[in-house]
Structure formats: C-alpha cells, structure tokens
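Residue numbers (our numbering), protein chains in the order written: chain Y, 1 to 503; chain A, 1 to 329; chain P, 1 to 329; chain E, 1 to 321.
These aren't lab readings, by the way, just hints derived from the structure by calculation.
Even for Gly, the Cβ is constructed at its ideal location relative to N, Cα and C.
Any given hint could turn out to be false.
[Claimed, not checked] Within a straight-line C-alpha distance of at most 20 Å, the following computed EDC-like cross-link-like pairs (lysine to aspartate or glutamate) qualify:
| no. | chain 1 | residue 1 | chain 2 | residue 2 |
| --- | --- | --- | --- | --- |
| 1 | E | Lys12 | E | Asp276 |
| 2 | E | Lys110 | E | Glu87 |
| 3 | Y | Lys339 | P | Glu174 |
| 4 | Y | Lys77 | P | Asp300 |
[As the list claims (entries may be wrong)] Here are some chain A residues the structure puts well away from chain P; computed CB gaps all over 10 Å:
| no. | residue |
| --- | --- |
| 5 | Lys53 |
| 6 | Thr160 |
| 7 | Ile182 |
| 8 | Leu193 |
[Claimed, not checked] If you want the footprint, here are the derived chain A segments under chain P, 3+ residues with CB under 8 Å:
| no. | segment |
| --- | --- |
| 9 | 34-46 |
| 10 | 90-104 |
| 11 | 149-155 |
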Amino acid sequence: MPQDSLLSIRSLSKAYGPVRALSDVQFDLRAGEIHALAGENGAGKSTLMKIISGIVTPDEGEIRIDGELVVLDSAAKALSLGIGLVHQEIVLCPDVTVAENILMAATARRRTLFMNYRALEARARQAMNRLAPIPVDTLVGSLPISHQQLVEIAKALTLDCRILILDEPTAALTERETDSLFAILRELRAEGVAIIYISHRMAEIFALCDRITVFRDGRYIGTEDIASTTPEQVVTRMVGRQIENLYPPKSAAPPGAPLLEVRGLAGDRFRSVDFDVGIGEIVGFAGLIGAGRSEIVKAVCGLYPRSAGTLTLRGKPVAFHGYADAVAEGVVYLSENRKTEGVFLDLSIAANISALDLGRVSSRLGALDFRKETNQARLLGRRVNLKAGSLSDPVSTLSGGNQQKVAIAKMLSVDPALVFLDEPTRGVDVGAKSEIHRILRDLCNAGVGVVVISSELPELIGLCDRILVVHEGGIAGTVEGEDMTEETIIRLASGLSPNARAA
Amino acid sequence: MAVGDMPITSTEPKARRMNLHSMREGGLIVIILAICIAMSFASPYFMTWGNVKAMMLSFAVDGIVVVGMTILLIVGGIDLSVGSVVCLSMTVSGSLFLAGAAPWLASIGGIAAAALVGVCMGLCVTMVGLSYFITSLAFMVIARGLSMLITQGTPLSLFTLPPTFKFIGQGTIEGVPFVIVIFVVIALIFDVLLRRATVFRRFLYTGSNEQAARYSGINVKRVKFGATVLCSGLAGLAGVIYMARFGSATPTFGVGMELNVIAAAVIGGASLNGGSGSILGAVLGVALLSIVSSSLLLLDVSVYWQDMIRGCILLAAVAADHFMQKRKA
Amino acid sequence: MAVGDMPITSTEPKARRMNLHSMREGGLIVIILAICIAMSFASPYFMTWGNVKAMMLSFAVDGIVVVGMTILLIVGGIDLSVGSVVCLSMTVSGSLFLAGAAPWLASIGGIAAAALVGVCMGLCVTMVGLSYFITSLAFMVIARGLSMLITQGTPLSLFTLPPTFKFIGQGTIEGVPFVIVIFVVIALIFDVLLRRATVFRRFLYTGSNEQAARYSGINVKRVKFGATVLCSGLAGLAGVIYMARFGSATPTFGVGMELNVIAAAVIGGASLNGGSGSILGAVLGVALLSIVSSSLLLLDVSVYWQDMIRGCILLAAVAADHFMQKRKA
Amino acid sequence: QDTPQESAFRCKPGETYVMNVMVTGVEYWFPVYEMFKQAAHEMGCKTVYTGTPEYDVTKQLASFQQVLATHPAGILLHPMNPDPFIEPINQAADAGIPVVTFAADSPNSKRVAYVTSDNFREGHIAADTVATAVGEEGEYAVLENPGQDNHDRRVSAFIEEMTQKHPKMKLVARAATNQDPTKAYTAVQSMAQAHPNLKAVFMPEASSAIGAAQAALETGGQIKVFCVDVNAKVLDLVKQGQMLGAIDPNQGVQGYMGFMMLFLAAHPQLIDPMNDYKRTGVNPFTLPIIDNGLAIVTKDNADDFRWDAYLKRRGTKGIEE
Ligand SMILES: Nc1ncnc2c1ncn2[C@@H]1O[C@H](COP(=O)(O)OP(=O)(O)OP(=O)(O)O)[C@@H](O)[C@H]1O
Ligand SMILES: Nc1ncnc2c1ncn2[C@@H]1O[C@H](COP(=O)(O)OP(=O)(O)OP(=O)(O)O)[C@@H](O)[C@H]1O
Ligand SMILES: O[C@@H]1[C@H](O)[C@H](O)CO[C@H]1O
Ligand SMILES: [Mg+2]
Ligand SMILES: [Mg+2]
C-alpha cells in the first residue's frame, strides 16, 4: 500500500440482494489531490462514497485512514474523522432555513444550550456567498432545485474536513457556479484537503482533477494520472467499448412549419416570451440558474401559473388549464427535479414508466395488463439502457443516473408530439447520454417537437439546432449555426450584447 | 448488464402484481393462524362454527368501513369522521323510513347523506386546501350533530322494517350471515380494483408522490376527491347495514369507531403517509383485532385485565409481523 | 442578474427566526379575537372574569399535554396514548397516596409511570422500528388497562389530599388559578426552547427530513426517543394536576382526549408529516377549541344544534386561518 | 301585571334555575327536565337546560363553571364523577347558589340534597326479576360500563343479590361494553358460544341493551336481557318480548323533587327548624338523600314510558324551553 495515501480501501464489497453494487474494489486517495471517480450509471460510485461517509456499511473489505483501520458505522463517525459528502441526491431539510441547513452538522455537535443565530447566519452567508449569494434566511423548501444543490455544496464546505467528497455536484449548475466551485476546490487542494470528485462531464474532470479511478459494474478497473490519459481512453475503460461521436448529426434541412407558437407568455417570473418550435428542429433553452427557463416551459405545459400569452399547436390555438390537458395533446414535460417530480421512488420501475398513460398497458375496460406493463418497461428500459436488477424493484433502489433514465423512459412511453426536457441528462453517463441524444434526434426527425433545457452548454451546442437564451425571465436572444458558441451564449445569458466588440 | 439480459424471470407479472402486498399479508396470516391455534387449545368453543361466525359478525360491517379508509389512506388522506358518518346514514335512513319512505329508498337517502359529507370534505381538501385531518375532524363533529338533530337525541326504533330488509342485517344464506357475504364481496371487489384497475392505480400514484403524479398528468384533485367520497359512501353503506341489523338508529352510534378502523388499515399495511396499503391486509387487520377481543371474552379474562392483555397482544402481533417482513426483505 | 437581488430576499432574519410560527399565529389570534368580540356583544357574561377563568381552566391542563404533543409532531411522531397516560399517572399517584405515600412522592411516582410508558413506546419506535401510530395505539389500550387494574374500575376518592397539594389544582394566586400559571409557564419555556435551544432545533431537523438530520451527525433515534418520553412525561404531569384539581382518580378519565389534543396542535400549525409546529400556535389552537365550545353554551344554543354549529365554526376558523396565510405568503 | 297576594312560594321576576348534565343530547335527561320545568313554572320561575354534548368531565366542569358565572338561583346537577365536582359545588354554595345532585352524587361536597333512584334497589329488583324469570337456576352474565358509579353500583348490587338470594344463579361472564351497542352485540354473541346454556344478561344502561337483545335473538333467543333505563327501542324490545324488561329510574319525580329542593334551599327563610343551622351556617333545607322511587318496565306497561308520546300528550317543547 502506498505510504502517502490518506485514505485507502481494499477488497471492499457491497451487495443489495442479488445486485452486487461493489465487488472487491480498491481505492487510494492522497492528501492534497483532487481524485476523479468515473464510471457508468450504476457502476457503484455513490455506493462507495456512502460507505466512506458512514451512511452505508460494506459487506466486507477494509478502510484505512492514515494507515489506521477504521470502522465507519455512522455518518456522525465519518464526520468526526473529517469526512464530508455532497450527496448526489439533495438531502436537506425543506422546513429549515438555508443557514441552519448549511451548519446542521455544527448544530449536531454543539454543546451549548442556545443557538447563536447571528453567528450561524454570518458563517452560513460567508460559505454560501463563495458559490452564489442565495439569501441564507430563506426556507430551503422554497428554493428551486438548482439553488438547493448549491446549498448542499456550501453545507459540505463548512465542515472543514480532510476528505471532501462531491458526488456529481455540478449536474444542476451552470458555468458561473461551476467555476466558483472549482476555484474553491483548488484552494482546498492547496490547503492539503483530499477531494473525491464524481462527474460524468469529462471536460470538468480533465480541467480539475489530478488522478482518475474508473469503476465498471461495481468493479475496480484502474487508476492513473490525468496527465497521462485522454477523455477517450477513460470513456473506453468506463464503457468497455469505443464511443465514437457524442452528438448525433444536426438536421440538414431548415425547420418545417412551426409545431408550437408561443406569444406574449407572461407570469410571475417571466414576461413577454415569444418563441416557436418547428417540426424537425431541436430547440435549446440556455440561461443562468434562476433565469426562469423552467418556469417558462412549465407555464407552456400548464404546470406553472401564467398571467398572459397564447399557445398555438399545429396551427390551432390551445389553452392548457392543467398538465392533463397538455398530455392529452401529446405535450409532455420532463422535470429537472427528478426526486420530487420525476419518479415515484417507492413504486416499481414498470409502474413508473407506465404512469404517464396507463391506457397503453391496460385493456379497453381499464384493467391493467401487467404483462404489457412489464414489456413496455423492458423495451423502453433497453432503449435508454437502464441498469436495474428487476423491473419490479422500487425506483429508490436505482442509481441516480438510472432513476433519470426511468424518468425519460416514462416520457417516451407515450410517443409524444412535443417534448420539453428540463436537464434531461442530469447524472446520466456518457454512453447513455449520447444514446439519449440520438433518441431525441430520432424523435425530432420523426416530426416530434423537441425542446431541451440544459445547464451544460456543450450539450446544448452539440445537440440543438437553435438555442434561446433566457435572461431574467425574458428571451435575450437566439443563436444558431456558427453563432452557437459558449461565449456568445454566456454573454447573452448575463444580459450583455452578443458580440464582445460591442461591449 | 443491460435490461436485455436482466433476470427478467423474477419480474413475472404474477410476482409484480403482489409485490405491494404479499409480504405483509403473509405475516399477518401466520400471526392470525398462530392465535387461532393457541386459542383452539385454550377454549373448546373457539373453533366452533358458532364462534367463528360470531367473530366474523363482529367485524364484517366495520370491515366495509375499513375498506374505504384503506383506499383513502393509500391516496394519502385520512378520515376521522367515519364513525359519525355511519351514524348519520343510520339516522337519516331511519327517519326517512319512519317518515314513510320505502326502506330501500330510505337507505339510498342515508347513503346519499353520507356521500354528501364526503363531497363536502373532498371540496374542503381539494378546493380550499385544508388538511384531511382537520377537515374530517370538523365533519366528525358536524355529522354527529346532524344525527342528534334528526333523532332529537333518542334512538329511533324501527320495528316496522320489513323482514326482507332486515334480512340484509340479520338474514343468513346456508347458515352464513348475509352481512358477511356483503363484506366479503365488497372486499374482493375493491381488492381486485386496487390491484388491477387503472383508476385505482392513479390513487396509488397520487399517494406515493403527489407532485410526481401531477407531473404525470394525473388530476390529483379529482383522485383525492373521489377517494374521500368513496370512503364516506362505504361508511354510509355500513350505516344502513347496521340499521338493518339492530332495527334501530342510535344517535350515539359509532363514537370512537375511527381509531379502530384506521388501526385495522394500518396493521394491514396502510401507511399514514400514503402510497401503500392493501384491502386483503386491511381485512386481516380488522380480523386480528376482533379475534383478539373475542378470545379474551372466551377465556373469561377479568374485565380489568382485558384491555391490558388486548394491548399487549396487539403490540406483540404488530412487532412479530414487522420482524417477519424484515426477514423476508 | 445576480442571484442576490432575487425576489426571495424578502425575508428578514427576524421574520426568519419566527418563520415556522409567526404567520399561522397571526391568523389564529385574529380569529380568536374576532370570536371574542362577537361573543362579548352576544352575551353579557362572556367577558366576565368568571367566564374567562372557566374557559382558561377548561384548557389549561390539556394545554400541557398539547405542548408535548406538538413537540412530538414536530419530530414526525404522534401519540394516541396521551389520554390513557394522563389517566395512568392520575391513578398511579392516587393509589400510591392512598397506600400512604406523601402526595409529592406519589405524584413523582405517577409521572414516572407515565414517562415509563413513553420509554416503552420510544423503544418500540426507535429500536424495533414500529410506527408511532400503532405503537401509541397499543399503549393507549395498555395504559387504560393498567388504570382499570389499579383502580379495579372504581374511581379513587382522594379528598384527604392535603390542601397544600390540592392548591396545585384548585388554588389561586391573586384570583388567577394556579393551574393556569403552571400552564403558561410551561408553554413559555417550551416555546422559547423550541425556537432557540440547540437540542430542540435537532428535533425540528429530524422531523423535517430524518435522513438529512442523520447525515448531519444527529442521533435521530435519541431525538425521537427523547420527544416520545417528553410527551408522555408532560401527560403524566397533567395527570397529577388533574388529580390535585379533582381530588380523585377516575379510571375512565381522558378517553378520547388524544383527538382534541392533536387537533389543537394541528390547528396551531403542526403537521402530521413532522417538521412544523409551534407552541404558541398550539396554545392558540387549544384556546380556540374551548372558546368555541363555551360560546355555544352561553348563547344557550339548542342542545341538538350545538355539535353542528361547533363543527361549522371550527371549519370556518381553520379555513379563514388558511386563507390569511395564503394571502400573507 | 300585578298579583293580588304574593305567595312566599313564588319566584322573583327573572329568578332562574339551571339543570346541568353531560352528554346533553341523551334521552335520559329529558323527562327529568320536563318535571323540573313544570315545578318551576308552577312557581313562576325560569329554567335553563345546560351541559356539554360530550361524555367528558372536564368539559362538564367548564359548563358548570360558566353557569356559575351567570349567577343562577340554583343548579340541579348530574355530576359525571363525584369528586371533581366537590370544589365547584362548594364554590357555588359559598356564592349562595344551592346545588342539588340527581341520579349521580358528589357526597363530599356541600350540595344540599341528592335526588335519585336507589341504585342498589335497582340492582336487587333487577336480579330478583331475572331470577324468577329463569326459574331461580342457571348461568347469567353482566355487561358493564366501568367508571360511572351509578352504573357500577347497579351491577354490583345485581351480582350481590344473585349470590345472596338466588344461590343457583351462576355468574359466568362479564364484559365492559361501555354503552356501545356493537360491543354489546359482539360480547353476547361470544358469551353465547362459550356458555351454551347462558340464561340471562344484565346491563346497567340502555344503549348496550339494543345490541345485546339483537345478539340474544340471533343466538336462538333463549337468553333473557334486562337493563336499567329505557328508550324507544328498548321499550319496543320489551313489548315484543325480545327483552325480559327494564328498570326506569322515575326521572320525572327526580326532576320535580330536584326543583323543589333547589327552591327551598334558595329560600332558607321559609323554614326555621329547631337545630343548629343558624350557628353552623349550613342551609336549613339540607337533605342528604331523597329516593325518588323506580318502576319495573314490562310488556304490559311499556307504552307508558314513551318519551315522544309523553311529549305529544303534554304539548311542550321538551328541553328546548
Ligand atoms: N438501496 C439500494 N437497494 C438496492 N440496490 C441498490 C441500492 N442502492 C444502490 N443500488 C444498486 O447499486 C448499484 C450501484 O449504485 P450507485 O448509486 O453506486 O451507482 P453510481 O455509480 O452512483 O451510478 P450513478 O452514476 O447513476 O450515480 C446500482 O446497480 C444500484 O441499482
Ligand atoms: N418555489 C420558489 N420559491 C421562490 N423562488 C423560486 C421558486 N421557484 C423558482 N424560484 C425562482 O424563480 C427563478 C427561476 O427558477 P429556476 O432556477 O427553476 O429557473 P431556471 O432558469 O429553470 O434555472 P434552473 O437552471 O435551476 O432550471 C429563480 O429566481 C428561482 O430562485
Ligand atoms: O344510565 C343513566 C345515565 O347514564 C345517567 O348516568 C343517569 O343515570 C343513569 O340512569
Ligand atoms: Mg451515483
Ligand atoms: Mg429550472
């Protein structure tokens, strides 16, 4: 075992019933390094992190810190050893303020009788502002998912731990926050903190990390220096095969007749929004966190109150009073908020996928046909290459990325006319991601309208034919073809004029 | 591995259909059998048809209420008003009958009154946005008040009910009391519906995660409204049956019934957070409760000991059930 | 735009510290005042000190139980056994006193017995993993049974209690009944603790999201255990006070109390899903309930109408409160 | 309007007497109040019917305290439990408001009188009637409502009488049915199984009787059911022979004598007995206990105990005036 390793794990295994989440894996972490952990959805990354932070107990294997054998049987224990984790799924108290959430671990340790809210808020604000100035006295429950993600990160930053684990922290973040996060992580590295960084975004890994370890199907594949490898090699080791082009070819022909026309859409978080979605094009929505992209799209689908605006679908005006109306017209929305709006965690995978239109898996009399339901799940599961033990398992037993795949499969189950996807590939691995992109392109070519909201600019640029940039609840501009550069988009998103010279 | 080469064998529709239920029910069945066996040694009368009949009679009608409650719990609701609503249906149909209405018409009136309470509660919950707990608590008081008002505080005596109608509550078919037949039929129907009907699957979605249900295009308000009315309606039916059994309508009837009913549903696997529960389970739950009570009677346990022992057995049963599930899981 | 200047900056730290509470309480206070003003016009007696005292007396002791229940609800629990536990503490201390123990010692015995029930429930919930609902339901029956056993079903007459002790339940300070003083003090203490004490913040965290609390190193089992024992303990205290007030211990006392207590807490803003609730709110809730009941008596509303009207007023009050909050939010 | 010669046995204008009970909606009280009212009106007094709709001593106490706040001339009280009312009753006494208890007592309080049917006699007579009906021999059971003293007294008296006067009668089962017809129904169903030759069941109140009688009918009808108190249903059951009979605690006299005692106690100057009342300050009209008698209800007289018929005959508004 290398002397210099702060954390070292040997022959660790964990099984959930028949599912072997981790089998005989090893892992080494040095002080003052940022160590990437990569692997397909379901490879066992989160499980290992949960073990290291005392939330899950392994079946066998040994964990050493500074060469000392340790038993991590509770989160409290791990925290006391200076191990902090940013969860892949947001785990915060909705009824409590940002400040109290951020310093919850401190409150847990605190021995004095009374709280000191002033100090608490000061510390919380300091930690929060390093990422984004979210007011620390708001209730977490009233924040959008993107902000909750930032709170989750700030929470870990206050632990001043020796080992900091981030499980896909940027899945919901845009460049702006991602950059400030990276700056902070580099500082911490300089201070000698050991950081484990999990992400499906190769660009980030190669920009930030020193070493990378790859898992596949719960097995340890290997570790090496970032300097001495390439994204392609990493992906190949993750997936076990080559992934040629990440993004499908864009449509050659100009968009056909507009499928959807939105005019003068207004609501509490957006105003005078006009846009079209043409047949045969994939439209993207870019913008900073909190720009109001989700709200705009939800308003179209009748999921968010709108004060004004007209919708025209296939030439005829429509007014969706509730989402049910929209679904009836084949207009569906994939929520950015998987856990609370996307899936039924304690219901089976099959039941989740069929939820959008039970008519498809039931007899004319309205009796469910479980064989149909299972087959539907099996087919769509394959299509998004879902990794699961059995289709009757509750979705809660799936890995984050696989839960996302279930949500997408659910959308595909209804062969929609127009789909809005909010952060569709959040937490999805490279292979599955390109798979999903291809599916979207196929849908589009088949005449389905496709609208994608993403905080990952490369994805938008790679996938979309046209990108609408939202700024403070209004559409700041549209970019297509050559103009689709990260720079232009960011400038528009920040309310600046599109080209640098003008500024 | 991809889904393609998954152990799909384990996902046979059969297995799937049960997965929400089977475990819990298995446990309860074992426990009930255990008690029955123990009892049949303790008392020669326990396993006689007469006693079995007596036990079934003791929970058949409440069982109908439990069915409704279970469905409401699955949706994520709760109804404290059932006891009063049973009574309301009783007194309304009773007084309609005394006012000269045909018993069948009168019964429909009673059930309608009960359902109306459900409608009001449903509106308070879905439209106004009040919590199920408070709403149903208020209507528990209101419905009770209505019964008081209707009967002017005195039990209505319904001797003149025609035997054909009394049959509902007192008749037997091949020695099997008719109330038991009604109960079994209703339980079966709703058990099947709950497992197989798309409408009821929406109930499950709504209870499991209301937001996600909304984002699946389910009209959660309609679902909750429906479940609420259904629960009250079944309570109303129970009221009519009780009227037929006792040939009277007592304004104080069903006080405190709600707790027993909810308990039975919860023992049967329903969760107060919604999203889980089964009819079969609930039936077993209500059966367990009454088997325990009547066992104590058969053993001639002192009145002062009965509650103590009943509570302990209940606790033991639930704990045992819990462990069996853990082991299975 | 910077996230800083977003609409959601609108909550001041002050408002924040209160945020769980202020809103709801505002609404309730308005409603209660409204009723009082209306009543003082309707009846000359309503605002007399005698009547006000009667109303406060009618909820002071239950109020202590409500405090405990609110805390338990905040943690995400629920306790159906409070009524029986109040009674148990009464009968235990009563019989200890009759057996010759000094009243103070006897009282401690009673409270200990109550707390012991809490300990058992706490263990069932945290160690065995049973649900609060079922566990407390079982102990509701068990505790009631114990009281029956201890008293052999007949009320214990304790008029030999020394006046110094009776003072707890019957004495007055400057005309203010001592029970009211006790209640106010307890309510104040726990209101402050709940808002500012580190330990009680952990209660709130656990109730809001148990997982998040555990991941933050909070020993959620200990928290839940503590809240359970606290709730039973306060019920025990209430039992002793009732004993001092009534000079007797009745084995049937407190039947059905649990619903009123939970209702008060919920009206006061507690949620059955945990994570919210306040003592002040709960106090207002319990006050509202008893003001409504006693108003009806002063208006000498026909007996038959009372329940109906009571239920309607309750519903109206809750709805009004709900709308006021909506507007505020 | 002017009255020629003012009798001492009349109220001053506005002089009001209050009756206070728990579970106000329950039939039992109505005949009591009916005669309470009649006596009062005879003497130009006003009456009010108060209490709590619930079966809850704290709530009844609250209502009693509120009544005190209105300073009535006197209160006819049915205390749900004896001792909780000691303090409030004494408060009333000290405030010069006499309290008379009926049907249930608060012996250690300063109430001036207790009007009731003798619960022990009720139990004894019930026992004798049942014993003769089953031929002085056989098994019997009791359904109880533990905690309410007058009910408990009836039960213990019933059993006591059986053991002493009817040695061949054997008590084989007891169950607490707490005035719940369904519980009574279930209990008797099971008892009938465990004790195939059960001959009779007794219960101290009327609600359980409804369930018990039905169960008795369904289990072959050889179990004789007997209870205390009557209501429309019980009367029909008795009339149809599905119940052996019932005991009626003669509520009317309870209410009438209750009022008389209140009025007298409220006007102590009407009497000047040769005793120490002046020095001790106790009310000279203090009468520890008044037995208002009772009636055995059978097939033959059942119809004379019907509240609705009674009310129609009298043409009053019952408790609503
Ligand atoms: N609670 C659980 N019960 C059963 N199986 C589980 C549970 N948690 C995880 N698994 C399984 O363990 C395997 C590894 O899951 P894990 O979350 O570690 O994957 P991951 O590498 O984090 O994937 P992702 O990139 O999607 O987050 C998956 O097959 C998952 O289905
Ligand atoms: N429930 C809420 N309460 C308060 N503010 C909210 C709420 N939901 C959203 N917001 C605010 O509305 C704006 C839009 O929210 P949201 O972050 O979803 O927009 P977005 O452009 O979709 O960003 P994201 O990339 O997170 O989807 C932000 O200012 C957010 O803070
Ligand atoms: O049963 C009745 C009532 O319960 C009330 O207690 C009056 O006395 C009894 O006769
Ligand atoms: Mg993961
Ligand atoms: Mg969004």
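Q: Run the structure past the numbered hints and jot down the numbers of the failing ones, going up.
A: 1, 3, 4, 9, 10
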